[in-house]
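Given the sequences, and given the hints that come with them, work out the whole structure.
Protein chains in written order, with this note's numbering: chain A, 1 to 440; chain B, 1 to 212.
Treat the hints with care, since some could be wrong.
If you anchor each label on the Cβ, the simulated ranges turn out as follows [to be verified]:
#1 B/P47 to A/D285: 33 to 39 Å
#2 A/Q217 to B/G165: 49 to 55 Å
#3 B/R73 to A/D318: 16 to 22 Å
#4 A/N274 to B/S22: 18 to 24 Å
#5 B/T167 to A/T169: 47 to 53 Å
#6 B/K75 to A/Q235: 37 to 43 Å
#7 A/Q235 to B/D151: 36 to 42 Å
#8 B/P58 to A/L277: 38 to 44 Å
#9 A/G324 to B/D151: 16 to 22 Å
#10 A/A251 to B/T167: 54 to 60 Å
#11 B/A128 to A/L266: 30 to 36 Å
#12 B/P58 to A/S218: 39 to 45 Å
#13 A/E247 to B/S22: 23 to 29 Å
#14 B/E85 to A/A232: 26 to 32 Å
No lab work stands behind these hints, which were simulated from the structure alone.
For clarity, every value in this text was computed on a predicted model and none was experimentally measured.
For each residue, glycine too, the CB sits at the ideal point set by N, CA and C.
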Amino acid sequence: MEIRTDTPNAPHHSPAPDVHGFANLVFPVLLVLVSTALLAAVTGLFGWYSEEMYEISFVLGVAVIAAVGATAWLRFAVRREVAEVQQATDNRLGSIIDTAMDAIITMDEAHNIVLFNVAAEKVFGRQRESVIGEKLEILLPHRYRAAHQGHIHQFGATGVSSRRMGDKTVLTGLRANGEEFPIDASISQHGEPGNKLFTVILRDISLRLQTEQELRQSREEIRELASASQTAREQERSRVARELHDEIGGALTALKMDTAWISERLPQSEAILNEKLSSMRKMLDNTVTATRRIASDLRPMMLDDLGLAPATEWLVHDFERRTGIVCELAIALPEIEIPREMATSVFRILQESLTNVTKHARATHAEITLDTEDGMLVLTINDNGRGFDTAGPRVPQSYGLIGMRERVALLGGQIRVNSVSGEGTVVEARIALAQPEHEA
Amino acid sequence: MIRIVIADDHTVVREGLKQMLSACADICVVGEASNGHEVLARLQECPCDLLLLDMSMPGRSGTELIRQVKAERPKLQILVLTMHEEHQYAVRAIKAGASGYLTKETASDLLVTAIRKVASGGAFITAAVAEQLALDAMPRTSATPHLALSDREFQVLRMLVAGRGVTEIADELHLSVKTISTHKARMMQKLNLDSQADLIRYAISHNLGEGA
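Here you go:
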């Protein structure tokens with residue numbers, strides 16, 4: 001930022017010129033001369049005239065002149081001092097105004113520009129000399145000029161000392177090269193009616209708006225990316241789960257049947273072979289169970305094959321069996337097709353919430369409901385665990401809740417987590433059933 | 001003689017099954033299929049008594065395929081042989097028209113028994129599936145749809161009939177209001193009713209009040 005030492009902008013309080021100081025002396029000198037003459041005349045008239053008397057009155061007169069002169073000079077000196085201080089203040093004010101990052105423009109009541117700082121020069125691409133005395137309107141696009149005049153007039157009438165201009169809307173400025181740009185401005189007024197000054201402080205916010213736009217876009221992109229990667233992950237899981245279930249499961253089934261076939265034909269006398277075969281069959285059974293578990297952990301096929309309600313039922317019962325946490329499940333879904341992506345999200349939110357119930361809540365009882373309300377699919381999970389402070393800081397690396405929020409947000413829904421320390425946790429997800437075109 | 005068509009997309013599984021069945025004099029495999037389309041074609045070609053069907057095959061499969069086969073050949077018995085052990089699958093398969101449901105895990109021990117039972121017009125299902133079927137399948141044929149209500153739903157219904165509000169019931173059962181409302185909504189769906197008043201009227205007319 002350029003700092004200028006000259007201050008052509010400073011308001012002009014003229015220092016008292018020299019003539020004024022000496023002019024002040026004329027009246028006292030005349031006064032003394034007149035009064036001396038008067039004294040002489042009076043003393044002469046009454047016959048008191050004497051050499052001494054004349055001398056006394058002369059000395060007196062000179063003394064009076066000297067006193068008055070000294071006073072006048074003193075007054076003059078003080079004034080000059082004040083003027084110098086004023087000048088210094090003006091200089092400082094001027095340089096502050098010119099150092100300001102914001103454009104500062106002052107105009108008089110006729111909307112003529114009387115002050116235009118360096119920032120204003122930069123923002124509008126105009127030289128101070130070229131705008132001083134011009135109407136403020138030259139800094140606005142033509143289409144806004146009439147309205148603007150009305151606004152200033154209105155503001156002047158309110159008597160309010162300052163306010164933000166344009167309220168919630170973004171105002172537009174006009175550069176010398178004809179380019180328009182968004183501004184944020186406030187206006188203040190000072191002085192008496194008839195001699196008012198309006199000061200506008202404004203800044204070019206194109207960069208800010210652009211940054212905001214970029215931030216919004218970047219957030220949108222991150223969200224889309226998260227969505228795409230989530231969808232891809234689900235598809236991948238679904239594929240792998242099916243392969244495991246069908247291919248590995250099929251092969252294991254065939255092996256089991258083969259071992260059964262051998263077992264039937266193996267003579268009882270072959271004790272070692274029979275024992276080996278028996279352990280092989282046991283291992284096969286375990287492998288089948290493990291394969292099935294891995295597959296359904298990846299993605300329960302029931303979700304795709306049978307739908308959300310049966311999959312929810314299965315998940316909750318499986319959870320109850322594994323954890324011993326008593327679950328009350330209530331499902332009331334109408335006979336409608338729930339889009340795959342929505343079913344996946346609801347299922348994953350339930351899964352995540354149930355995991356939280358075991359991991360953090362130390363609950364002994366949980367209630368799960370899945371139904372519809374005013375065209376919304378509503379899932380609630382309610383436990384009697386120890387709860388947590390929802391306003392507390394997020395545990396690093398714990399994306400569970402964020403993940404749930406994102407999932408629901410992607411579908412234009414909402415998720416609420418209500419928890420009171422010691423009184424359990426309620427998770428509620430709401431998603432509109434009628435979705436704008438979405439693909440699984 | 002029981003004539004069988006085996007439908008499974010895995011050749012090794014089909015081979016294993018054929019091998020197992022070859023030991024039985026009363027069972028004869030007359031055809032094989034590896035997808036839904038082939039199943040329908042095979043059934044057209046060769047007369048048979050039983051279809052041994054995998055639930056998940058490429059193309060048309062599962063309950064959809066069962067329904068179509070049943071529509072074309074109502075007298076043909078279907079025994080489902082699948083990797084899915086969850087009863088939810090079994091219930092749907094039976095509702096779609098299958099007579100038996102066997103998981104591949106237990107096939108080596110139970111297959112022959114299951115085939116004989118289903119072929120003779122019986123059913124082959126586990127106790128868990130039978131119970132679910134009793135709960136789910138009854139309202140479609142019975143004049144007393146409330147038998148389809150779960151114990152909890154029944155409990156809530158009786159309390160509603162006794163004039164207690166949802167909040168009151170929730171307090172008494174130590175459940176949330178939301179859970180009770182959802183149970184109520186589900187009952188109305190099961191009984192095909194539109195309002196709580198209808199629900200209570202139904203309960204009274206079927207003598208389901210407290211003490212009933």
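Now for the hints, and whether the structure bears them out:
1. For B/P47 and A/D285, the hinted distance range of 33 to 39 Å is satisfied, since their beta carbons lie about 37 Å from each other.
2. A hinted range of 49 to 55 Å holds for the C-beta pair A/Q217 and B/G165, which are about 51 Å apart.
3. As the Cβ distance of B/R73 to A/D318 is approximately 36 Å, the hint placing it in 16 to 22 Å is violated.
4. Distance hint check: the CB atoms of A/N274 and B/S22 are about 22 Å apart, consistent with the given range 18 to 24 Å.
5. A C-beta distance of roughly 48 Å is found between B/T167 and A/T169, which places it inside the suggested range of 47 to 53 Å.
6. At about 41 Å, the beta-carbon gap between B/K75 and A/Q235 stays in the expected band of 37 to 43 Å.
7. For the pair A/Q235 and B/D151, the supplied restraint of 36 to 42 Å holds, since their beta-carbon distance comes to about 40 Å.
8. The hinted range of 38 to 44 Å is not satisfied by B/P58 and A/L277, whose Cβ atoms lie roughly 34 Å apart.
9. In this structure the hint that A/G324 and B/D151 lie 16 to 22 Å apart at CB holds, the actual value being about 20 Å.
10. Checking the proposed 54 to 60 Å range against A/A251 and B/T167 shows it holds: the Cβ atoms sit about 56 Å from each other.
11. Checking the proposed 30 to 36 Å range against B/A128 and A/L266 shows it holds: the Cβ atoms sit about 34 Å from each other.
12. Here the CB-CB span from B/P58 to A/S218 is close to 43 Å, well matched to the stated 39 to 45 Å.
13. In this structure, A/E247 and B/S22 meet the distance hint of 23 to 29 Å, their C-beta atoms being roughly 25 Å apart.
14. As the Cβ distance of B/E85 to A/A232 is approximately 29 Å, the hint placing it in 26 to 32 Å holds.
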